[in-house]
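**Q** The chain contents come next:
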Amino acid sequence: MTYKVTEEALAHGNVCTIFLDGEIDMDVVEKAKEVIFPHIDAGKEVHLNLSQVQYMDSSGISVLIESHQKALEKNTKVIIKDVSKSVLKVIMMAKLEQILNLE
Amino acid sequence: MNEVAQANHTEKKAFLVKSSSLKDVRTFCREVFAKLQIEQNLKDELVLAIAEAAQNIVKHAYKDDPNTKDIMVVKISCEDNKLQIAFYDRGTPVDPKKVKHREIDNIKPGGLGTFFIQEIMDAVEFKEGGKPWINHLVLTKKL
Chain V
1 MTYKVTEEAL AHGNVCTIFL DGEIDMDVVE KAKEVIFPHI DAGKEVHLNL
51 SQVQYMDSSG ISVLIESHQK ALEKNTKVII KDVSKSVLKV IMMAKLEQIL
101 NLE
Chain H
1 MNEVAQANHT EKKAFLVKSS SLKDVRTFCR EVFAKLQIEQ NLKDELVLAI
51 AEAAQNIVKH AYKDDPNTKD IMVVKISCED NKLQIAFYDR GTPVDPKKVK
101 HREIDNIKPG GLGTFFIQEI MDAVEFKEGG KPWINHLVLT KKL
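As given, the protein sequences belong to chains V and H, one line each in that order. One point on numbering: in my numbering, the residue at position 3 of the first sequence is 3, and numbering is uninterrupted. One point on numbering: in my numbering, the residue at position 118 of the second sequence is 118, and numbering is uninterrupted.
You may find that some hints are simply not true.
[Stated by the list, open to error] Derived pair list, reagent style DSSO-like, types lysine-lysine, alpha-carbon separation capped at 27 Å: (1) 95/V x 81/V; (2) 33/V x 63/H; (3) 89/V x 142/H; (4) 77/V x 108/H; (5) 13/H x 43/H.
[To be verified] Taking CB as the label site, the calculated pair distances span: (6) 133/H x 82/V: 15 to 23 Å; (7) 12/V x 122/H: 43 to 51 Å; (8) 12/V x 10/H: 52 to 60 Å; (9) 92/V x 132/H: 36 to 44 Å; (10) 30/H x 69/V: 31 to 39 Å; (11) 99/V x 122/H: 21 to 29 Å; (12) 110/H x 12/V: 28 to 36 Å.
These aren't lab readings, by the way, just hints derived from the structure by calculation. Ideal Cβ placement from N, Cα and C applies to all residues, glycine included.
Starting from the given sequences, assemble the full structure and let the hints guide the process.
**A** Below you can see the structure in the form of structure tokens.
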């Protein structure tokens, strides 16, 4: 898994966009958390761009859930953007399409 | 139902029991399913189910031995349009009665791997390992 982070200051606060790339499985979840969680903890709105993630397993889905719940605790939000068809299928299998913020 | 009649075929491969092997497990599955001409959607689902089962071996059967040098074996067989995927490992014995996924409406991290396996496969069976193995999991799917 590789990633790129961009940040911009908007009127309603700081938005951090994280572009993840590759396959998200148990082997890389700790790295994904290290990339994502500090921005949520800092109270930023986090946009997770998953257009280049072609595979995600239950470990990756757990990171999405944990990120979402952590953001709610911090009064901010995580928006999942440009999710690939294959990953969307896994999100839907987990019945999370109405729970996570998908755009 | 796959429109291509599947020729009988069996392949197996051993992997070190560690999380970095999961990518290799997926690659092995994709290669075998390409030979079997399984269509993309089903292939993606099967790869997910198999990778989740392999992950369960790493995460649960070897929970107390994260630096193990043991191997696990994945065997994919296709006979009479029935796909069978067998897993063998020498980790902590699995109690099938304790293998269950979380309630799907109780949204929290974890507990989804077994749910995915059960959603995708037709049958999930824990069998006697037979020496030298301890655990022997068999997943089946009619093609």
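**Q** Does each hint hold? Answer for all of them.
**A** To see whether the hints hold, each was checked on the structure:
1. 95/V x 81/V: Between residue 95/V and residue 81/V the Cα gap is close to 17 Å, so the pair holds against 27 Å.
2. 33/V x 63/H: holds (21 Å)
3. 89/V x 142/H: The given pair, whose Cα atoms are some 21 Å apart, holds under the 27 Å limit.
4. 77/V x 108/H: holds (16 Å)
5. 13/H x 43/H: Given that 27 Å is the threshold and the Cα spacing comes to 18 Å, the pair holds.
6. 133/H x 82/V: 15 to 23 Å: violated (43 Å)
7. 12/V x 122/H: 43 to 51 Å: Once the Cβ atoms are compared, 49 Å apart, the range 43 to 51 Å for residue 122/H and residue 12/V holds.
8. 12/V x 10/H: 52 to 60 Å: holds (58 Å)
9. 92/V x 132/H: 36 to 44 Å: Between residue 92/V and residue 132/H, where Cβ atoms are some 40 Å apart, the hint holds.
10. 30/H x 69/V: 31 to 39 Å: Cβ of residue 30/H to Cβ of residue 69/V: about 33 Å, so the range 31 to 39 Å holds.
11. 99/V x 122/H: 21 to 29 Å: holds (28 Å)
12. 110/H x 12/V: 28 to 36 Å: Check passed, 32 Å falls within 28 to 36 Å.
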